[in-house]
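Colleague: Residues per chain, in single letters:
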Amino acid sequence: MSQKDNWKIWEVFIRSKNGISHKHVGSLHAPDAEIAIKNARDVYTRRSEGISIWVVPSDAITASRPDEKEPLFAPADDKVYRHPTFYDIPDDVGHM
Amino acid sequence: MSKEEMLNLEARFERYVAEENKVEPKDWMPEKYRKTLIRQISQHAHSEVVGMLPEANWISRAPSLRRKVALLAKVQDEAGHGLYLYSAAETLGADRQQLVEDLLSGKAKYSSIFNYPTPTWADMGAIGWLVDGAAIANQVMLCRTSYGPYARAMVRICKEESFHQRQGYEIMMALAAGTPEQKRMAQDALNRWWWPSLMMFGPTDEHSPNSAQSMKWRIKRKSNDELRQEFIDKTVPQAEFIGLTIPDPDLKWNDEKGHYDFGEINWDEFYNVIAGNGKCNKQRLEARNKAHDEGKWIREAANAYAEKRAKRESTSSSVA
Ligand SMILES: [Fe+2]
Ligand SMILES: [Fe+2]
Chain B
1 MSQKDNWKIW EVFIRSKNGI SHKHVGSLHA PDAEIAIKNA RDVYTRRSEG
51 ISIWVVPSDA ITASRPDEKE PLFAPADDKV YRHPTFYDIP DDVGHM
Chain A
1 MSKEEMLNLE ARFERYVAEE NKVEPKDWMP EKYRKTLIRQ ISQHAHSEVV
51 GMLPEANWIS RAPSLRRKVA LLAKVQDEAG HGLYLYSAAE TLGADRQQLV
101 EDLLSGKAKY SSIFNYPTPT WADMGAIGWL VDGAAIANQV MLCRTSYGPY
151 ARAMVRICKE ESFHQRQGYE IMMALAAGTP EQKRMAQDAL NRWWWPSLMM
201 FGPTDEHSPN SAQSMKWRIK RKSNDELRQE FIDKTVPQAE FIGLTIPDPD
251 LKWNDEKGHY DFGEINWDEF YNVIAGNGKC NKQRLEARNK AHDEGKWIRE
301 AANAYAEKRA KRESTSSSVA
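For the record, the sequence lines run as chains B and A.
Okay, so the first sequence: first residue is 1 according to our numbering, each after it adds one.
Okay, so the second sequence: first residue is 1 according to our numbering, each after it adds one.
Mixed in with the good hints, there may be bad ones.
What the hints assert, rightly or not - Simulated coverage check for chain A against chain B, where a stretch passes if three residues somewhere in it have a Cβ under 8 Å from a Cβ of chain B:
1. 23 to 32
2. 74 to 87
3. 193 to 205
As the list claims (entries may be wrong) - With a Cα cut of at most 16 Å, we get these calculated EDC-like pairs of lysine to aspartate or glutamate:
4. A:K311 to B:D32
5. A:K222 to A:E240
6. A:K26 to B:E49
7. B:K8 to A:E300
8. A:K290 to A:E101
9. A:K32 to A:E14
10. A:K26 to B:E34
11. A:K308 to B:E34
12. A:K308 to B:D32
13. B:K38 to B:E49
14. A:K159 to B:E49
15. A:K216 to A:D95
16. B:K23 to B:E11
17. B:K69 to A:E24
18. A:K216 to A:E14
19. A:K257 to A:D225
20. A:K26 to B:D59
21. A:K279 to A:E269
22. B:K8 to A:E269
23. A:K35 to A:E19
24. B:K8 to B:D59
25. A:K282 to A:E20
26. A:K216 to A:E20
27. B:K8 to B:E34
28. A:K26 to B:D67
29. A:K35 to A:E20
30. B:K69 to A:D27
31. A:K32 to A:E10
32. B:K8 to A:D95
None of these hints come from the bench; they were simulated from the model.
Here the structure is a predicted model, which is why all the values come from computation and not from measurement.
Glycine is no exception: its CB is placed at the ideal position from the N, C-alpha and C atoms.
This is chain A alone, in the form it adopts within the complex:
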């Protein structure tokens, strides 16, 4: 293909997605569109998988059976989300085994929010409310992303996410209405999770060089700053409703803009955690590797069983 033909195809593709048409697996797409999606979808999948770890920490110590079944179901959903997303990445030609290996070796990235520790039960409330809340804002936008299989996975995921946020908020609500000590615990969790949750939306628009291309390709539909603002505007009243205080002295309703103004985000912390220096980066990867290694025997057993059955079926059919 000549360079001119290629540019032609790319221009046609951009027009096609700009007109809100969806791209399906076998359609022609620019190589960079494919690569961007594989990176984004696989990072998203890894985040769902690693995201199980901070909460798994509390399943066996949930304060009641009701809380325990809810948390267990939530964590199981996150495993499902990871699987939907790995499948979507595979439709672009990614190799599942390779994706998993890249996560286990530390080569692949996942959302840095999961490198924060969960020392108290209130963290289960804060994660469901804030971390899932922030993820939902992003994922609702992605339901309209231009790549069909990704958009469809997001629709499934969004349906399941709303229970995640509600169960988290319910935990916070119960603690905030409890003893002074329980309320302190809830406030402490909010203090620790608020800023990292805001960082989940990624760098500010001016420091997010790839965003423009993603918006042009309709992979992203809203900018990082837009999504962050939406999340803040929605979450502040929820905190007020249960009598908790957002840990930001600069947070203030701006009547003119119709949005909350908020304080400076500590981006050094953000980049530091991404660079691998968060409190739990090492622990998370070790836990993933351990789980993978401990599941080896069952993968092998399933293989052996499948092989044995296939052999038995082929001999019995040749006898018949």
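Just chain B, with the same shape it has in the complex:
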């Protein structure tokens, strides 16, 4: 069916206001980017939820694999010295 071939899935990202980054809100189907933006307007911003929309073809996204969670993220878990609380500074010094 031609519709199936052409209406690909787009991921939708919305910036709610300036100063805040675009955030993933969901996905939709559209034949091209222009209509994807229009559909995103109707589906995801009916109550002034955004001032800027990004649409990205779903298949253009490369995601890390859930089963790689360990090797990817575990190395950061034991590096407490990357956090400010690791360092002993006397209270008398004041806020630092």
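Take the given structure of chain B and dock chain A with the ligands to it, following the hints.
Modeller: Relative to the frame of chain B, chain A with the ligands by itself:
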């Protein structure tokens, strides 16, 4: 994978969700969890879509511009809800086109409440107040469901639903405070929608065999009977406030339990409507099919336009 490894994975999964962790699309999940969710989310999506029909019936005949814009916005929201939910189902590997085809062919189920007719304007009040009210009870629970994309869709939906219920109750309130004839109309709508609304929560717990597994997987967080009781306890005072009578002679506050006791639900009617014998089952499917067929040209036009543009862009870039 050996059977033992599989059981291990399943046990780990159950522990994981029991500890209130969320499952995301690419995570490992039991095949039955996936299937249960696809069925539930797609039925939910279909219900939002078919749910537009009983109310669309009154958009052009709303009694004032205020009522008309409200009803129009509500129906448009329901279309949006359907789309959020189809998207959530797709993250589990469901195919959108297939889901839509299953609805159009009558293979897929949707909430049987939408197979009841809407003969009067008061039905718009009763639907917003009771049907959306019952849906909200269920959807608030689902905001904490274990599958991330479903839960997130529910959060969006719940934010939008509260206006739906308020606009419905406002309609009922206006009618109940109107002429005797208007009040009769409101009461008549309440009489017709009360029991089907209670049926929306599904069979009683003892006749709901799949519920236990869904609760274990944290897909469902409350049982059908719990949700139904919550809804009744909340709604009865709202009816009293506008001077309407719940059509249940057995309805009575039970001080000991801190809940209302209520009469027997006619489950034969419930199963009969699910089996396709409700007043509007046929009409609803025909309306959906008609809308889908009549939208064909615009889907084709959008395709043709997208193709033409893609071609023009590729030739102009090859020239440059
Ligand atoms: Fe809805
Ligand atoms: Fe609604």
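Colleague: Taking a Cβ-Cβ distance under 8 Å as contact, does the region 193 to 205 of chain A have three or more residues in contact with chain B?
Modeller: violated (count 0)
Colleague: Would the pair K26 (chain A) and D59 (chain B) pass a check requiring their Cα atoms to be no farther apart than 16 Å?
Modeller: Roughly 14 Å separates the two Cα atoms, so the pair holds.
Colleague: Decide if the proposed pair is consistent with the structure: K8 (chain B) and D59 (chain B), CA atoms, cutoff 16 Å inclusive.
Modeller: Distance ~9 Å between K8 (chain B) and D59 (chain B) Cα, so the pair holds.
Colleague: Regarding the pair K8 (chain B) and E269 (chain A), is the alpha-carbon distance no greater than 16 Å?
Modeller: violated, 41 Å
Colleague: Would the hint linking K290 (chain A) and E101 (chain A) be met if the CA-CA limit is 16 Å?
Modeller: holds, 13 Å
Colleague: Holds or violated: K257 (chain A) with D225 (chain A), Cα cutoff 16 Å?
Modeller: Cα-Cα ~14 Å, so holds.
Colleague: Holds or violated: K222 (chain A) and E240 (chain A), Cα atoms, limit 16 Å.
Modeller: Violated, at about 27 Å.
Colleague: Between the alpha carbons of K216 (chain A) and D95 (chain A), is the straight-line distance 16 Å or under?
Modeller: violated, 27 Å
Colleague: Next pair to validate is K23 (chain B) with E11 (chain B); report whether the Cα-Cα distance is within 16 Å.
Modeller: holds, 10 Å
Colleague: Apply the coverage criterion to the region 23 to 32 of chain A and chain B: a residue qualifies when its Cβ sits closer than 8 Å to a Cβ of the chain, and three qualifying residues are needed.
Modeller: Result for this restraint: holds, n = 4.
Colleague: Next pair to validate is K308 (chain A) with E34 (chain B); report whether the Cα-Cα distance is within 16 Å.
Modeller: holds, 13 Å
Colleague: Keeping to a limit of 16 Å between CA atoms, is the pair of K69 (chain B) and D27 (chain A) held or broken?
Modeller: holds, 10 Å
In summary, the numbered hints that this structure violates are 3, 5, 6, 10, 15, 22, 23, 25, 29.
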